[in-house]
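Novice: Numbering-wise, the UniProt record's numbering puts 53 at position 53 of the sequence shown, and it's gapless, one number per residue.
Do not take every clue at face value.
As the list claims (entries may be wrong) - In the SDA-like style, the derived pairs of lysine to any residue whose C-alpha atoms are separated by at most 20 Å in a straight line are:
hint : residue 1 : residue 2
1    : K170      : E64
2    : K22       : G111
3    : K255      : E222
4    : K22       : D114
5    : K22       : N122
6    : K92       : E164
7    : K241      : A229
8    : K112      : R20
9    : K189      : N122
10   : K92       : K112
11   : K22       : E64
12   : K77       : P25
13   : K170      : S187
14   : K170      : L7
15   : K77       : I53
16   : K112      : Y62
17   : K112      : K255
18   : K305      : K247
Hints were generated in silico from the structure; no laboratory data involved.
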Amino acid sequence: MDLIALLSQESVIEKEQKKRHKFVPDLPELEGEATRAPKIKEHLFFENKDIYISKHNRYAAYPEHSHQFLELNYIVKGECRQIINGVPYLLKEGDILLMDTGSEHSIEALGKDDLLLNILFNNKSISINWLMNMNHNDSILYKILLTNNPLDTNAANFILFRNEQNEHIKQIINNMADEYFFPKVFSGKIISSYLPILIYELARSLPHEYSETFSKKDPFYEVLQLIDAEFTTLTLDAASKRLNFNKNYLSNMIKKRSGQTFTELLNEKRLLKANLLIESTEIPIQTILTEVGFSNKTYFYTCYKNRFHCLPSEVRKK
Numbered sequence: 001m002d003l004i005a006l007l008s009q010e011s012v013i014e015k016e017q018k019k020r021h022k023f024v025p026d027l028p029e030l031e032g033e034a035t036r037a038p039k040i041k042e043h044l045f046f047e048n049k050d051i052y053i054s055k056h057n058r059y060a061a062y063p064e065h066s067h068q069f070l071e072l073n074y075i076v077k078g079e080c081r082q083i084i085n086g087v088p089y090l091l092k093e094g095d096i097l098l099m100d101t102g103s104e105h106s107i108e109a110l111g112k113d114d115l116l117l118n119i120l121f122n123n124k125s126i127s128i129n130w131l132m133n134m135n136h137n138d139s140i141l142y143k144i145l146l147t148n149n150p151l152d153t154n155a156a157n158f159i160l161f162r163n164e165q166n167e168h169i170k171q172i173i174n175n176m177a178d179e180y181f182f183p184k185v186f187s188g189k190i191i192s193s194y195l196p197i198l199i200y201e202l203a204r205s206l207p208h209e210y211s212e213t214f215s216k217k218d219p220f221y222e223v224l225q226l227i228d229a230e231f232t233t234l235t236l237d238a239a240s241k242r243l244n245f246n247k248n249y250l251s252n253m254i255k256k257r258s259g260q261t262f263t264e265l266l267n268e269k270r271l272l273k274a275n276l277l278i279e280s281t282e283i284p285i286q287t288i289l290t291e292v293g294f295s296n297k298t299y300f301y302t303c304y305k306n307r308f309h310c311l312p313s314e315v316r317k318k
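Modelling step: build the complete structure from the supplied sequences, incorporating the hints.
Specialist: Below, the structure is given as structure tokens:
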């Protein structure tokens with residue numbers, strides 16, 4: 001039996017919900033009438049486990065609730081309508097919804113051909129903010145997106161990964177679910193090994209999801225993309241020609257939108273990349289500063305010291 005066949009089987013609660021045409025509580029917090037969204041407590045799920053995986057019961061709407069832990073919803077098959085922090089969303093097959101502690105959501109009734117997996121994370125240090133900050137190391141685009149926080153406050157504690165952008169994540173989740181529902185020797189250790197990979201894949205995918213909040217025709221968005229992609233050789237003159245904008249207009253717009261000049265943003269990207277290489281490789285520092293676009297060694301060292309409050313050689317000694 002494969003995963004979809006297993007998940008398609010009707011659980012006891014599903015049979016009851018199908019028969020009654022109404023929600024059957026599966027947790028004590030959801031019993032009775034609630035005046036506000038109840039908080040689901042972690043002790044109900046985690047018994048010496050890093051994660052808890054379950055199928056969402058079909059045939060009845062699930063009431064609004066929140067969690068004390070990070071939750072991931074994965075649409076294995078079909079579709080799912082949810083109201084997240086008061087806003088309706090349609091999730092389709094392959095979509096992944098990541099919800100932080102305190103986000104509130106309700107789920108409309110799933111049909112026979114709709115399959116939703118819940119993955120709950122036991123480690124409270126893992127949050128959307130923590131994942132976001134992991135990406136601060138290298139991308140000037142992501143740094144600006146994170147600083148400016150273009151998302152509305154309702155969306156700040158959840159993020160939706162659409163199907164076309166997450167093939168690696170889907171494969172990891174499928175592998176974890178196979179080990180979870182069809183346990184074999186070492187399944188627990190294999191799941192624990194997949195967990196950090198899943199977390200890093202989620203973190204790596206965040207810049208794309210956040211960048212979607214900018215219009216593709218926004219020159220500010222486009223110049224940040226250019227800086228990220230071509231920082232070693234890019235100039236303001238080249239950027240203005242590529243984007244078909246007057247150089248002075250583009251320079252003023254960048255300063256107004258980011259609070260920094262084009263040169264400051266370019267140097268920030270070069271310094272972030274240089275620091276990443278200094279920390280993670282043994283490449284000679286002279287080679288690194290040249291590779292990231294600095295032509296003057298003294299200028300590089302001055303900029304690096306101002307940015308990181310130490311010298312590259314001191315980082316290497318740590």
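Novice: Hint by hint, say whether it matches the structure.
Specialist: Now for the hints, and whether the structure bears them out:
The hinted pair formed by K170 and E64 fails the criterion: a straight-line CA distance of about 26 Å is larger than 20 Å. A threshold of 20 Å between alpha carbons decides the hint, and for K22 with G111 the separation of about 13 Å falls inside it, so the pair holds. Simply put, K255 and E222 have alpha-carbon atoms about 15 Å apart, close enough for the 20 Å limit, and the pair holds. Simply put, K22 and D114 have alpha-carbon atoms about 17 Å apart, close enough for the 20 Å limit, and the pair holds.
Our distance criterion of 20 Å between C-alpha atoms is broken by K22 and N122, whose separation comes to about 30 Å. Taking the CA atoms of K92 and E164, the gap is near 11 Å; set against the 20 Å cutoff, the hint holds. For a cut-off of 20 Å, the pair hint linking K241 to A229 stands: about 16 Å separates their Cα positions. At roughly 15 Å between alpha-carbon atoms, K112 and R20 fall within 20 Å of each other, so this suggested pair holds.
About 15 Å separates the Cα atoms of K189 and N122, which keeps this hinted pair within 20 Å; it holds. This hinted pair checks out: K92 and K112 have alpha carbons roughly 15 Å apart, not beyond 20 Å. Distance hint between K22 and E64 is fulfilled; the C-alpha atoms sit about 15 Å from each other, no more than 20 Å. For the given pair, K77 sits about 23 Å from P25 by alpha-carbon distance, which is inconsistent with the 20 Å threshold.
Restraint check for K170 and S187: the C-alpha separation of about 18 Å stays at or below 20 Å, so the hint holds. About 16 Å separates the Cα atoms of K170 and L7, which keeps this hinted pair within 20 Å; it holds. Restraint check for K77 and I53: satisfied, since their Cα atoms lie roughly 16 Å apart, inside the 20 Å limit. For the suggested pair K112 and Y62, the alpha carbons sit about 15 Å apart, so the restraint of at most 20 Å is met.
Under the criterion of a C-alpha separation no larger than 20 Å, the hint pairing K112 with K255 is inconsistent with the structure, at around 54 Å. Distance check on the hinted pair: K305 and K247 sit about 30 Å apart at the alpha-carbon level, beyond 20 Å; violated.
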